[in-house]
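Chains as they are written, first to last, in the numbering used here: chain A, 1 to 390; chain B, 1 to 343; chain C, 1 to 350; chain D, 1 to 332.
Hints in this document: simulated from the structure, not taken from any laboratory.
Possibly wrong hints are sitting among the right ones.
Now the stretches of chain B that chain A is said to cover, found in silico as 3 or more residues with beta-carbon under 8 angstroms [claimed, not checked]:
id, segment
1, 52-65
2, 241-252
3, 303-312
Straight-line distance between alpha carbons at most 27 angstroms, and here's what the computed DSS-like set of lysine-lysine pairs gives [to be verified]:
id, chain 1, residue 1, chain 2, residue 2
4, B, Lys-313, C, Lys-22
5, C, Lys-285, C, Lys-304
6, C, Lys-22, C, Lys-102
7, B, Lys-313, A, Lys-279
8, B, Lys-155, A, Lys-279
Between beta-carbon pairs, the in silico distance windows are [claimed, not checked]:
id, chain 1, residue 1, chain 2, residue 2, range
9, C, Glu-165, D, Ile-111, 45 to 53 angstroms
10, D, Ile-5, B, Leu-88, 26 to 34 angstroms
11, B, Leu-88, D, Ile-13, 46 to 54 angstroms
12, D, Trp-67, A, Pro-337, 57 to 65 angstroms
13, C, Ser-219, B, Glu-145, 26 to 34 angstroms
14, D, Lys-3, A, Ser-336, 51 to 59 angstroms
15, A, Arg-113, D, Asn-276, 27 to 35 angstroms
The structure presented is a predicted model; accordingly, all values stated were derived computationally and were not measured.
For glycine and all other residues, C-beta sits at the position ideal for the given N, C-alpha and C.
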Amino acid sequence: MKRSSLLKKIFHSLKTHSKRNATGASEENTQDYYASQWSLMWKKLKKHRLARFSLLCLIVFYIIVLFANFIAPQDATEYDSDYANAPPMQLHFFDEEGNFHLRPFVYGIESTRHPETYRKVFVEDREVKYPVQFFTEGSEYKFLGLFPTNIHLFGVEDPGEIFILGTDGMGRDLFSRIVLGSQVSLSIPLVGVAISLIIGLIIGGISGYFGGWTDAIIQRIIEIFRSFPTLPLWMALSAAIPAGIEVVKMYFYIVIIISFIEWTGLARVVRGQFMSLKKEEFVLAAKIAGVSTGKIIRKHLMPGIMSYLVVSITLAIPGMILAETAMSFLGLGIRSPATSWGVLLQEAQQIENVALYPWKLIPLFFVIFSVLCFNFFGDGLRDASDPYKK
Amino acid sequence: MPEPILRVKDLNKEFKTKSTKLFSKSVPVKILKDISFDLLEGETLSVVGESGSGKTTLGRCVLNGLDATSGEVVYVTNDEKAVDYLNLGKADYKKYRKDIQMIFQDPYSSLNPRMTVFDIISEPLVTNYDVKKKEVEEHVADIAERVGLNPHLLKRYPHAFSGGQRQRIAIARALITQPRVIVCDEAVSALDVSIQAQIINLLDDLQTEMGITYIFISHDLSVVQTISDRVAVMHLGRIVELASVDSFFENPKHPYSEALLSSVPKPDPDVKTDRIILQGEVPNPGNPPSGCEFHPRCPYATELCRTEIPELKETGQGKRHLSACHYADELELRGVWHANQAK
Amino acid sequence: MKQMRANKRSTEQPLLSVEDLKVTIQMDNAVLKAVDGVSFTIEKGKTLGLVGESGCGKSLTSRSIMSLNPKECETTGEILFNSSLDQKLKGLNILDLDPTGKKIRSIRGKKISMIFQEPMTALSPLYTIGNQIMENILLHRTKNKKEAKQIALEMLRKVGISDEEKRFNDYPHEFSGGMRQRVMIAIALACNPELLIADEPTTALDVTIQAQVLELMKSLQDELGMAILLVTHDLGVIAEICDEVAVMYLGEIVEKAPVHEIFNQPKHPYTKGLINSMPILGTGKQRLEPIEGTVPLAINMSHKCGFYDRCTHRIQGICDVQAVPETQVSSNHSVRCFLYNEHEEDEQNA
Amino acid sequence: MLKYIIKRFLLVIPVILFVSVIVFFVIQLPPGDYVTHYAAQMAAQGEKMTAQEITEMRQNLNLDRHWFIQYLLWMRDIIFYFDFGHSFNYNEPVTAVIERYMVLTLVVSTITMAFTYLVAIPIGIYSAVKQYSIGDYIASAIGFLGMATPNFLLAIILMYFSYVNFGNPLLGLFSSEYEDAAWSWGKVLDLAKHMIIPVIVIGTASTAGLIRIMRAQMLDEINKPNVVTARAKGLSEQKILYKYPTRAALNPIVSTLGWTISSIFTGSTITAIVLNLPIQGPVMYEALLGQDMYLAGTWLLFMAVLTVLGTLISDILLAWLDPKIRTEIKGG
């Protein structure tokens, strides 16, 4: 938060004053003085309500990613064309007679033709009730990728179906697909950032620490990389991904393409931070004390840039989520049968589709929501990132 | 007569200015020009001058925090060996590096905010000696007490301390390897007067107790006078006067010193000295004037000053009072001594 | 005592009188009293020095006079500016005025001007020096651009900038630190203000340049006759140009006296401590007498003397429990310390 | 100043050359080439090409040579004949294809840019001056949402609303009756109507970003000591705002103008595909997929050149706006 220089001065002197007090008399929050940067950051972050809430949401998101197979009632390949384009089902607590059921239930659905447009429409069959059951058996999968099981979080008994967010054009449960899609949509950015970070750290670190010629050359290279327009390059690169390759490989390609563009940004952050930290007097002090270069980097420089890195990583992720979505949306990224939020949105490409089956836009909500969460969290982190500055 | 502990010979430092213009060559700016002096064991040598005079660069070059462009710094070790401090071999590096330490001006940026005070103080010790954890703790507690820090607070981070206390931490860090020389770079300039006096006294006590030699870099002549044995005045990268503190304040032998002394505001409304006010500003070190670099501002400058660079040489004040002025012995320059002694 | 002050006021009204000025800042979970009941007066054409260590509230005090405090500060009290030229302003409390309103704007820059510590950041890097001087003149003195330029050039000459025609079109970054401070002074004095507030005007400058700037301020004061409020932490600068001195500690004025008395007969233990801890040029290698301890925090202070913990003369049971009253030790020397309560009685008895 | 510009311009040339190599490398990356693609198309229509024919075709098009040779040939034609090659898909010179779509692309881009700046700057200023007011919160919320919503999806949403409310999703840039008609007042109005969604959609992302940058810049500037100085002179708040912080905050923003040019050109691509706009983006997308390499390559190169030139323009603008840089350049 920027304040006038005068106020800054006041707060600054205030801060030092309060510390002086602490060293003299005992004070309530002397805890702070034993607190490391991270705990101070955490303390500040906790005050940021929006960021805290976003963090909570992100945690929930990633728990879903981890247990996607368990949470999704169907697996990615299951479909039933009888139920194509079914609207979201309502969960009922009260039946026709108005009796309350503690366990929610859904009615069976039947498709009929609309008398005028002859379009398929679904109506609830009030005769059949399917209570929602928890820990039901369904398709086989490996829990956490390790233990084979067929237990799913919830479902209804055969022949009932539960589509809480409706189905797509092939009759696949949208909720399941969104949950499964989150595995790709939310993990690609993480892996992408990790790769960019490694490249960025090494190249930016070299550039920033050594400076001089090395720096000049690396900077030129980064400049050239940056002078590529991102989007067309993405398109061109992903057009180069051969069709019909394995899902894993495809995933890998996409990550590479995304991080290919992103690393320059992180390299710049790392370089800038190294450059400014290098000039701090405590680095010179360590050098004079005879501390080796490696140790200076490890003990003095790295901890200093860590907080900035965490911030820039958090703020880089939303861009990657959007990039993956855009690529998959255009059919250039993840392709069916693999699923991601972008893939799910492909069906929303035709306006008619959206007009008739508006629930197909639901994945969009997840995209926006996760991007917002990362943005807010990143913003909060940025404010908290330097707990020593007011 | 104390022996020299450091012999600085013809030290030069150039910086390449980063040219903002394309295709134009960067011009090296000379920050230090042929600096030579001996630092005597146990003394405090103050280096004074305006901002941009190169005093901070000098301090950093002497202890090899910055690479000097040319020249040498000879360090006379405890066992009377003379080693080239700027080019220490690997074994010597390990042995002697720790003998010269530094205290910085800004007690905020000189302490890593991400390390505890204990880690900050112990770092030089752990780096330079093979010591057990227990010994380290004892040493740190010992030194902390000596500089007036409560040893119970060492697990705290620097942000828990005020400016004055931070400066004590920095002093403790500098002392822990038991150095023989400490370079104090504007070590008290950032502090309030009442705190400044505490730190000055602390430095003084440490010198008496441990026999440390100080290079005391400062722009504040009043502070310099309370702590130094000798004074070196720098102007545009050159030492223009080098003298014992009494001789310097009583009989300055360079017009620049005279101007500096008379510019210091005296905290005594009854003393109305008619002061010498220098005209103009410090010249740009990238484009220094010809001849004596002080001549554009010097009230006594002659044609000779415009053309010839004066050498730093002995004056009538004796062997140990050097001045780089063509007219060092001819000018009747005013010091500040008599004014107060008269009072 | 009160009578005496009243008498003084009736004979001649001071140019500026500040009564019980308080500036508080709301912190996360506490209230900081940055300035706590400060009162002083400045006579026409005189110089008052406000001296104190960092964080004592001297800058906020000086800015309150022009109602320039940041929004986060709550400022109360009375600031009366008795312009001899503008009768309309008589009796108006500056703090009652809308801080962005017309009235206060007609005072700022015209009747009262200000110079700051960092001339580089105080000037905009985007406009020429000429533009920035003329702005002030066009606002308060003349609407005629040609005339304004003439005045501006004259001001530049006055503050010792030679080659003013050319320099007029230069940008601040083309000036050195000392020159920039001269420009700031030119801007501040362009409309012949009656009061100049100088907030650490020489702190960022080298001694040689500081000497130039102080000399310039003195000579311009002689020439233009404005009063100066000089805010600084440097007692040397105070001794150099002030007539009267107010020593601030922890948001309060602890001692106020003519400059000679402050240096020759300081009364408050803090003032004494300050003077003793200052190295004085020309006295040789000497041992300083520092004030022990550090400045406490002005948050949630109890009723005690702020200097209590550091004071060598503290009286347990008095200084730490009672609010310290201001004591007048002579007609123009007041001190906020219990040590002098008796003096007052003695004096009155006598 | 002129000398500076020329120098900068000379520096740009090697960068563009380097970029062009990479561009060419990237477009030939996809497995197969235009001939494979063409053969597959023919096969789909029932006309099988023989291996002989395929080889011949490849030789004719120089596609059998090493990619770097192909690059050199392409570059030679560009430099000496201003010939960017032949579009296989359209069966006409690349330049002709680009020319056809250029005008509308420029119209859309320019209007979008104007929209972005006109909306973002005032909102940014307002947001900063009234920090933490309701207006600021609303602007920030819109800003965040705008950044978080992929703009092609925003397009779908807007189309959906337009379709539901007006029964017309406003696809394309013209209604069918004006598509091939000569320019008339009606056609212009029709174009304007069709521009609304693209401009909002394409502009939103950059507007949102710009609002946040402008706000941050303003907050920075508003608290600078030179504003206090101006206040101490007795200037009115409005004058202060306009003369000091706004002017200073605009400098970095105006200097990003250069970068914005290419980002708006490319940012519109996906949206244009969704909205079926007859501008460059979709055409080039097809070219990339159909391995129409010269068309795709030219487009990529064009974008890269735009980015590089944009950076150049930005640097020049910055130098022109900042007195400090200006004197340095003058001095040399």
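Hints and how they fare:
1. Remark: the segment 52-65 of chain B is confirmed as covered by chain A, as 4 of its residues place a Cβ nearer than 8 angstroms to a Cβ of that chain, reaching the required three.
2. Coverage of the segment 241-252 of chain B by chain A is violated. Counting CB-CB distances below 8 angstroms, 0 residues qualify, and the rule asks for three or more.
3. Only when three residues or more bring their CB closer than 8 angstroms to a CB of chain A does the claim for the segment 303-312 of chain B stand; here the count is 0, and the claim is violated.
4. A threshold of 27 angstroms between alpha carbons decides the hint, and for Lys-313 of chain B with Lys-22 of chain C the separation of about 59 angstroms lies outside it, so the pair is violated.
5. The suggested pairing of Lys-285 of chain C with Lys-304 of chain C is violated, with an alpha-carbon distance near 37 angstroms, which exceeds 27 angstroms.
6. With a C-alpha separation of about 24 angstroms, the suggested pair Lys-22 of chain C and Lys-102 of chain C falls inside the 27 angstroms cut-off, and the hint holds.
7. For the given pair, Lys-313 of chain B sits about 37 angstroms from Lys-279 of chain A by alpha-carbon distance, which is inconsistent with the 27 angstroms threshold.
8. A threshold of 27 angstroms between alpha carbons decides the hint, and for Lys-155 of chain B with Lys-279 of chain A the separation of about 26 angstroms falls inside it, so the pair holds.
9. The beta-carbon spacing between Glu-165 of chain C and Ile-111 of chain D, approximately 47 angstroms, falls within the hinted interval of 45 to 53 angstroms.
10. Roughly 50 angstroms separates the CB atoms of Ile-5 of chain D and Leu-88 of chain B, a value that falls outside the hinted 26 to 34 angstroms.
11. Taking the beta carbon of each, Leu-88 of chain B and Ile-13 of chain D are about 48 angstroms apart, inside 46 to 54 angstroms as hinted.
12. The hinted window of 57 to 65 angstroms between Trp-67 of chain D and Pro-337 of chain A is violated, with their beta carbons roughly 33 angstroms apart.
13. Against the hinted window of 26 to 34 angstroms, the Cβ-Cβ separation of Ser-219 of chain C and Glu-145 of chain B comes to about 53 angstroms, which falls outside the hint.
14. At about 58 angstroms, the CB distance of Lys-3 of chain D to Ser-336 of chain A agrees with the hint of 51 to 59 angstroms.
15. In this structure the hint that Arg-113 of chain A and Asn-276 of chain D lie 27 to 35 angstroms apart at CB holds, the actual value being about 31 angstroms.
The earlier numbered hints that this structure contradicts are 2, 3, 4, 5, 7, 10, 12 and 13.
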